[in-house]
Amino acid sequence: MRDRSFDPTDLAAGVVFTVLGLAFGVSTLGLERGTALRMGPGYAPLVLAAVLTLLGVLIVVAGLRSRGVEGIGPLAWRGMAFLLSAPILFGLTVRGLGFVPAIFLATLLASLASPRLKSWQVLGLAVAITLFSTLVFSYALGLPFRRFGPWLSF
Amino acid sequence: MDLFSNLALGFATAATPLNLGFCLIGVILGTLIGVLPGIGATATIAMLLPITFQLEPVSSLIMLAGIYYGAQYGGSTTAILINMPGESSSAVTAIDGYQMARRGKAGTALAVAALGSFFAGTVATLLVAIFAPPLTAVALQFGAAEYFSLMVLGLVCAVALAHGSFLKALAMVVLGLLLGLVGTDIYTGAPRFTLGLPELADGLSFVALAVGVFGIAEILRNLEGGQGDREVLGQKLGGLFPSREDLKAMVGPMLRGTALGSALGILPGGGAVLAAFGSYTIEKRLSKRPEEFGQGAIAGVAGPESANNAGAQTSFIPLLTLGIPANPVMALMVGAMIIQGIVPGPNVATEQPALFWGIIASMWIGNLMLIVLNLPLIGIWVKLLKVPYHVLFPIIIAFSSIGVYSVKGNAFDLFAVAGFGLLGYVFLKLRCEPAPLLLGFVLGPLLEENLRRAMILGRGDPMVFLTRPISAGLLVLTLAVVVIMLMPRVRRKREEVFVEGD
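As given, the protein sequences belong to chains A and B, one line each in that order.
To convert, note that position 33 of the first sequence is 32 in numbering that gives the first Met the number 0; the numbers rise steadily by one, no gaps.
To convert, note that position 153 of the second sequence is 152 in numbering that gives the first Met the number 0; the numbers rise steadily by one, no gaps.
The set of hints was computed from the structure by calculation and includes no laboratory data.
Be careful, since some hints might not be right.
As the list claims (entries may be wrong) - The calculated label-pair distances, taken between Cβ atoms and stated as ranges, are: (1) Leu21(A) - Lys382(B): 39 to 45 angstroms; (2) Ala353(B) - Arg66(A): 53 to 59 angstroms; (3) Trp150(A) - Ala200(B): 27 to 33 angstroms; (4) Trp119(A) - Arg102(B): 38 to 44 angstroms.
Said to hold, decoys possible - A few chain B residues facing chain A, derived, Cβ under 8 angstroms: (5) Leu166; (6) Val173; (7) Ile281; (8) Lys283; (9) Ile394; (10) Leu427; (11) Leu445.
Where is the CB? At the ideal position from N, CA and C, for every residue including glycine.
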């Protein structure tokens, strides 16, 4: 591995914290700060945001001074794309399509995150999980979900 | 004596067929998921948390506690069989446990771990029963200033015990506190950080945060590729029952581990991990044949396993007496209690004695179930280890989605899961521990509320934190932790310990 004169993970982490600290800080500006005796809704958030920003800057400085042993490493792009969209898809469809189709679609999407499953396996897995969770959550535990939603009734 | 009547009440509550059933389900589910590769106890509880919301408060907490012990137990099983600790506290068990397994003594290692855990669990449960009532009495004297100082101490300890750099852990705590403040201000009703979204008026969903940061982020890391399916031990397990010599070799380490674990478990911020490491070091020092450590020494399994289980048990003390979580799992329990409408704190013991003592009694019952069930069932757990990961994670995603949605029937929480999953993954890649974030998130609103109350009571003078003796004592302790943490020798040692742990 190439020898760096700085630690990339520290540097990136510091930047993330600084940005988050500033963002939180800016959004407290519209809130009433109050006094130390009677703190308003903006008091603690502003102090915390300032501390977070400061810590972010300190981490950047520490990152510039230390030598990085390892980089950030490979990123799970495919995983992020499919895995993170699965709960979103479930959230978007569970009302309209109903529980059964929503969980089927979400599982289908999630299983695509790994390249190691063949398409028939993905389908089989999604069917099995849908069956199981419908039986367990909807019938056995009696969670109040509509199994098939209004989008499917004609 | 009160202790016995209290324990009797506890057992009467915990031993109803219904609660026994939920304890059993919890223990089995916990072990099941704890054994599956790539998911630790925190993620397991975060995922299964929503399932328990349909139950009565007592049953729900009993089941959650069962999941916790089960997952811990499952974690040690994988540590021994495939050298893959389910979580950091069983990392030490992996060192000698796996070596024992390689020499055909896997059965003995598992039995030693189980017996050690059971013994430690029994002692620690008794300690919780003895010490919880006097501590709640003390806690009832606590005012806003004391609570504030105590939480500051807790958060500082969490930073001290987190892996990696202090600065990053501190930043994670502060970020957690800020995230905890999202929502409507309780005093003035002013919306804070809600970005104009009505869904954020009640604050961020605790379950969504826990599932995203601990569950989804961990799956993403496992999906990076580069690691194939884990090699499961091909050899036979060997006899389960330890020989007379083995038993003799484990008594001392077990006793010392239990004592160490019980003491350190009360510390906020993951005392169980520290206890396991500490116990291993002590046993190695005391041993007549220290060269055996690392080659499959029984003491290297019995000591840390007892320490870790005792610590897991006594970490309930701050939760039950003060309502303050000592580690991420306890933070999840606080979340569960709040959703169930129970305000965690010293009042639980007096207002809901059945709940309070029922949980304590169920700890012991849960440990008993684990030892009775798991030794015979070990064959099944071994088979489970062979389930490939790419089949597992879609199941986890499905269950987490259903679970998060079932809390409030709110689609927004599912978007939050995705968001927190991404955030958690980014932080994992940047080597920032998620545990302090979760603790900060849970404590954020409490910390602010007590700060504001203390300042009003103290007429705006911050000296109120120093003039009240308990509060001042806690702050002095906090300062001591900070000073110790910054000492160069401790700093180096701490880094060594956690590098081993990874």
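How the hints compare with the structure:
With their beta carbons about 52 angstroms apart, leucine 21(A) and lysine 382(B) fall outside the hinted range of 39 to 45 angstroms. Checked against the hint of 53 to 59 angstroms, the pair alanine 353(B) and arginine 66(A) passes, with Cβ atoms roughly 58 angstroms apart. In this structure the hint that tryptophan 150(A) and alanine 200(B) lie 27 to 33 angstroms apart at CB holds, the actual value being about 28 angstroms. Taking 38 to 44 angstroms as the suggested C-beta distance range, the pair tryptophan 119(A) and arginine 102(B) conforms, at roughly 42 angstroms.
Against a cut-off of 8 angstroms between C-beta atoms, the interface hint on leucine 166(B) holds, since the closest Cβ of chain A lies about 5 angstroms away. With a least beta-carbon distance of about 5 angstroms to chain A, the hint placing valine 173(B) at the interface is held under the 8 angstroms criterion. A least Cβ separation of about 30 angstroms between isoleucine 281(B) and chain A goes past the 8 angstroms threshold, and the interface hint is therefore violated. Of the supplied interface hints, the one on lysine 283(B) is violated, with its beta-carbon coming no nearer than about 27 angstroms to a beta-carbon of chain A, more than 8 angstroms.
Here the hint on isoleucine 394(B) is kept, as its CB sits about 6 angstroms from the closest CB of chain A, short of 8 angstroms. Contact between leucine 427(B) and chain A, as hinted, is not supported at the beta carbon level, the nearest pair being about 10 angstroms apart and thus beyond 8 angstroms. Because the smallest distance between the Cβ of leucine 445(B) and any Cβ of chain A comes to about 12 angstroms, over 8 angstroms, the interface hint for this residue is violated.
Comparing the model with each numbered hint stated earlier shows that hints 1, 7, 8, 10 and 11 do not hold.
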